[in-house]
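Chains as they are written, first to last, in the working numbering: chain L, 1 to 52; chain S, 1 to 449; chain V, 1 to 738; chain D, 1 to 264.
The set of hints was computed from the structure by calculation and includes no laboratory data. Small disclaimer: the values here were computed from a predicted structure and weren't measured. Every clue listed holds true.
Derived SDA-like pairs (lysine to any residue); straight-line CA-CA distance at most 20 angstroms:
| id | chain 1 | residue 1 | chain 2 | residue 2 |
| --- | --- | --- | --- | --- |
| 1 | V | K70 | D | P144 |
| 2 | V | K641 | S | L370 |
| 3 | V | K70 | D | Q162 |
| 4 | D | K208 | V | L231 |
| 5 | V | K641 | D | D39 |
| 6 | D | K54 | V | S255 |
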Amino acid sequence: MFPFSFEWIWDMVHMVFHGALWYALSIIGMGMTYCIIKAAYDSAQGSKGDHH
Amino acid sequence: MDTALIPKGVKRCPLPQFLAGLGAAHVVLLWGVFAMLLCWLKGLNQTNMNNAYGFAMWIWADRAVIALGGGAFFTGFLRYIVGKDKLKYIINYAVLIGFICYSSALLILAIDIGQPLRGWFIFWHANVHSMLTEVAFCLTAYFFVLCVEYLPLVLENRQIDKVPFFHNLTHNMHEIMAVFAATGAFLSFFHQGSLGGVAGVLFGRPFGFREHILIWPFTFFLFTWSAAACGPCFTILITKITEAIARKKLVKDDVIELLAKISGWMMLTYIIAKTIDTIYWAVVTAPSKGLALSHFYTNNALYGYWILILEVVICGWVPALILITDKGRKNQFTLWLAVILAVIGVSLNRWVMVLQVLAVPVMPFIKWVLYFPSWQEVATTILPVAYGVILIMISYRYLPIFPQEAELNPLEPPALPEDEPEAGEEAAQEAEVQEDQKTGEGDLQPAEA
Amino acid sequence: MKIDRRSFLSFTIGGAAGTALSPLPWKLTDDMAIWTQMWPWTPVPEKGEVTYVKSACTLCPGGCGISVRKVDDRIVKIEGLKGHPVNDGSLCILGLAGAQLLYGPRRVKAPMKKINGKFREVSWEQALDEISKTLADLRSKGEPHTVACIADSDRGTVPELLNRFLRVYGSRNFIRTPSIQDSYELTLNLMQGVRAMAGFDVNNADYVLSFGSGILDGWGSPVHMFKAHSLWREHGGKLIQIEPRLSSTAAKSDSWIPINPGTEGTLALGIAHVMIKESLYDNDFIDNYSTGFHEWKRHIIDGYNPEIVGKVTGVAPSTIVGLASSFARARKPLAVCGRGKGLTPGSLKEFMAVHTLNAMVGNIGKEGGIWAVPEPEYIEWPELEMDQTASIGTQQHRADGAGSSLYPQARYLLNRLPETMNASSTYKLIQVLFVAGANPVYSMPGSADIKEAFEKIPLVVSFSSYMDETAQMADLILPNHTFLERYEDVPAAAGYNRPVINLARPVVEPRFNTMHTGDVIIRLARALGGTIAKALPWESYEACLEEMMGDRWDTLVEEGYWTNTDFAAPQWSEAFETASGKFEFVNKEISSLARYSPVKPEGDEAAYPLILIPFDTMRLWNGYIGDPQFVIKSVPDTVLKKNDVLVEVNPATAKSIGLRDGAYAVLSTPKGKARVKVHFYEGVMPGLVALPRGLGHSAYENNLAGKGINFNELVGPFDDAATGHDAAWGIRAKLAKA
Amino acid sequence: MKHEKAKKFGMVIDLDKCTGCGSCMVACMAENNVPFREDETDKLLSVAWMRVYKLTNGKPFPDADICYLPRPCQHCEGHHGHSPCVSVCPATATDYDTRTGIVSQIYARCFGCRYCMAACPYHVRLFNWYDPVWPDGMEQSLNPDVSVRMRGVVEKCSFCIQRYQMAKDRAYMEGREDIEEEDYQTACTQACPADAITFGDLNNPHHKVHQLARPDHRNGGKPRAKNLFRLLERLGTNPKVYYKSSREWVRNLGDNHDAIQEKA
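Next comes chain L alone, as it looks inside the complex:
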């Protein structure tokens, strides 16, 4: 999973596989981070955004 675990090899398969994985995880992570920060910001602004 990480390059420092010993079975890691810098080959195409590892790069594609883990590339896709980390890409997906990043999207989820960044998306959620964005939502939370924005929600905190919006709440601080006191606005109560439109639903849908």
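Keeping the supplied structure of chain L fixed, place chains S, V and D upon it in accordance with the hints.
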């Protein structure tokens, strides 16, 4: 007492009845938890698995619920990516069902492995060549996505929604939901496929092995395709059951019909591919390993040609042909029939691709090995059903799952939301529900009215 | 500080996030993985210095040399001794599991005395005191001949010490457990005039005609036979197996000849008939080195033509002719007999019939033939000085009737003992019985009678290292060290054609409060004093052994074994010690024996339409040693399923009774009844039921105890008319739906 | 160390010699600390790295015939080391060593998903359904060179890899560059009373195993010697255990032929 938590504009049964129903489900749940603890503490000797059946009921249940939970990703894919906007009226429930299915799958996997405390090795020491690694990663990642999709629903509870931060969070998440849905769809395509690949790559097991396209065996594509086709059927089925128990319409017919139509065409294309795959396998792949088709379906007490006919014809072609016709979708009986057959079909496919693969003798001098699950395996497999019932009961009662419910079931006379609903009819429904839970412990998931 | 909901929430969420980001969860996860790798209840074997000790396996009469791998003072593995003439580096399944006998739970850990039906630990002094008092008592009463001893061998220092002790004490009742050795000894004695063991030069034979001998099922010295069989495979040697069941031996043979059970001797004579008719015999041997051939020939010509023999044996006459021709024409033919592992002596005339085949092809003492291996001569003790009591005692008849007017030929007749004892309800035939290295309560046919007889003996003393069935019935157990904890000489390997002596030695210190049986005997002798003490004057068993071995001792200690590489069988002119100095087909003694006729199985055909035969396999041991854990584990599920034994039945036979494969059935014989499961096997002759020997123990740990049934409970001994030895090879039986 | 030539350890088992006595099974159990339970008659729950199968020719009496077939791990090479089991293990707990050709199992890494068992057509992989327990005192005979497996992990025949390690160590101590054929022999090979098992380096023409099997390395290791066969040759598992039998029906039972016969 809990009226403050119940969504506006809808009617729910009295709290004591709700708690009684919840209690009944919990009894089943506790039975399952007891069996689960036995497996963890005493080891997998509690099961009827053995060295011939390293995979058995659990792995079947795992693949079946993931296939059935496929309604979530595919509905999401249609709603957010393809732009079938109408599906927003059922997407919440699809997400909830998906969430239940996937969390159940993870729980079952945690019981199934011999060393649960080392379960994280699958991530840490990942072997990228293994289909199971792909499954584990995509499954877990997609479960995160489902959490993200389910979260706004929870936050929409009347009381939680009052907190500005949560309200805003819900709003923001809805804004970018398409991104999550796209990621989810991407992950799902892969893990559904990898689950199919699990059996398809086993070149030592000619029953499961299939020819490859690039690095993926046919079953990789067939599994994704069948999950996309049959998952929505399961969503429809559960919605229909929920409606039947609640004795009210929750989703409009046109929404159901749209989903059924797409599902029908998916099924038709899937079953054509599956038929071609089966023929190619029977005529080319298996004989190349020295095995005639009859080898897989004779000389044993269970697995005959019937299973092939049941899976492909009765539970494949039949529902597909029903669902692609307008008449078939409109007629309530045929609609019910089609979704039930589709659900059976995909579950059967998963059974065959797990258990029959292992049952078939490969070395010519050994015999078929048949298997029957132990009660601990049955209990732990029913556990997620009970858990699903509980989650649906709570979610249905307190969260705005069905956007069309209020519109379809106007409160007459317009009652004050704080009013306790009258016993009468509701009580009868409650009783029915409880009876249902006592008698029908199958894979149906009755929801609380 | 006031804790409101908000701060509580913040605190909880913040705390959780902080913990998650700290190294704590990672550390815990890592610890968890390490913990699962060394659960405290999973043993971790300690490392240490590795050494190999040369020793000898005594678990069967096979006489293999072993190399014991030790780590510090633990035995971790037993392997075959490279270069050993018998097994050269290989080892059988039982020998390989030998360490389990040392460390396993079946050990008797200290001297035990049975008080009110329960064993209590006693001190060695107390136990020996008690025995010597009883023995002294019997002598003073003039009844020394009521003391007996059962041992698995009569060769080697320990059996010889026991025998010597008994004699000087005043008893002739030293009894060796029965085996084909009894019959082979008598055959060699009657026909060749020698006192010797039969040895088979199997390595050089190229055509082996086996009359039911389980050459690959534990007959003779198992490893040696296996190696010979492999040599035949490499050099084109042939194995012909004659038996009613497709055993492992039959399966590996070049030709399996199913035969009506019990008629093997008839077939041998039928083959002899053809050889005579077609003059297919060694003229030189017959003319110059044998007598009585022509007299014997007439009898064979009259009674054993292939048609008659074919009817009796079920073997086609053409097959009989073919067998005779290929046997006689082979370069180095060899005929052997003794069914299965060779645990039943069988009919002497059958052995003699088979032996005549060897004589006719002139393979006696030749390469690839049958050899007379002389008894080891290293044990040379001074003539016994007997006192009056002993002299009178040793003039009494043997308790088992061996050597009596009825059975003058037999040396030991353990099988006759129960009947004799149970018949005389008042007279005390045996008052003290020693049992050394044997488990007759389990291994003798007619278990019920054996138990009854044992119950009549006032004092049964077992020397067993293990709590076996016989030890359970004993009044005193004086546990011997196991073979890995003691010195012992193992002279001769069963069926091996050269003299060889192995030395078992203490590879590890005795684990428990046990004592060498040799030392026990010497101490008893010392306690009894007088001529008895004089006859066994050694300080200890070890001293005695070293003295006996003389100049061989150093070789034994160095190599683990001693062998006479120069040994060769004598020329025919010197080989025979009969009155005529020749091989005798017929003589006065032989003529006085009852004529050969196939032994009939006990029971009434109408009530018991089937015939039950036992079978032996390498994975089930049925002598003194019961299967250790690894060995019973290797038994296939077509033989044992849970606690049920499966009997082999031909599908045609089973279907005629209405039994399905795997169904329960009741197996009954005139001797007993048992619940069994049915296993369809096309390799067993219709009309037969085959039951494995070695199961049905009531003793030992749960890995073995209570599993299956003991064949000996379903069968009784059948006295050979010629010798009195047990000649039963089966019994009539009935199989019915359970 | 210099680049040594890759070894390919394999076996030839002569079924004409094998008597089915079971010595190989017990030698293996004793060498490799295989546990035992009170009831071992359910062979599907039993752990035995080496298993001896009893083959029958299916004919009725008196034409019935049987043959024993000892089955250790076949140490499949597949194509380029992709043995059926190695590539499926999600946690890299099993490995194909290209220097020795041995498929190893890392017990401390295995988390017991049993995918490898599903992948192996030879049933060589066994799961520890139970905690290994040795009756008091019997743990003394455990071999310190082999780790004891815990409940919940998969184990299998390793070609006694600890013996290879020891042979290499010994050779190094004695200043030899490489090990000799007899330095490294598996426990079953050493014990076999019929000398039916031959073990050695299939890549080394001086080794007996090479001479007996004459593997065609350009053709997936197929045996060129007469009467030799491998189990399930058609699957493409490319195993390193070769069998020898002069009986045609035995050789036929080494692989599936029903589809081929139907065509004929």
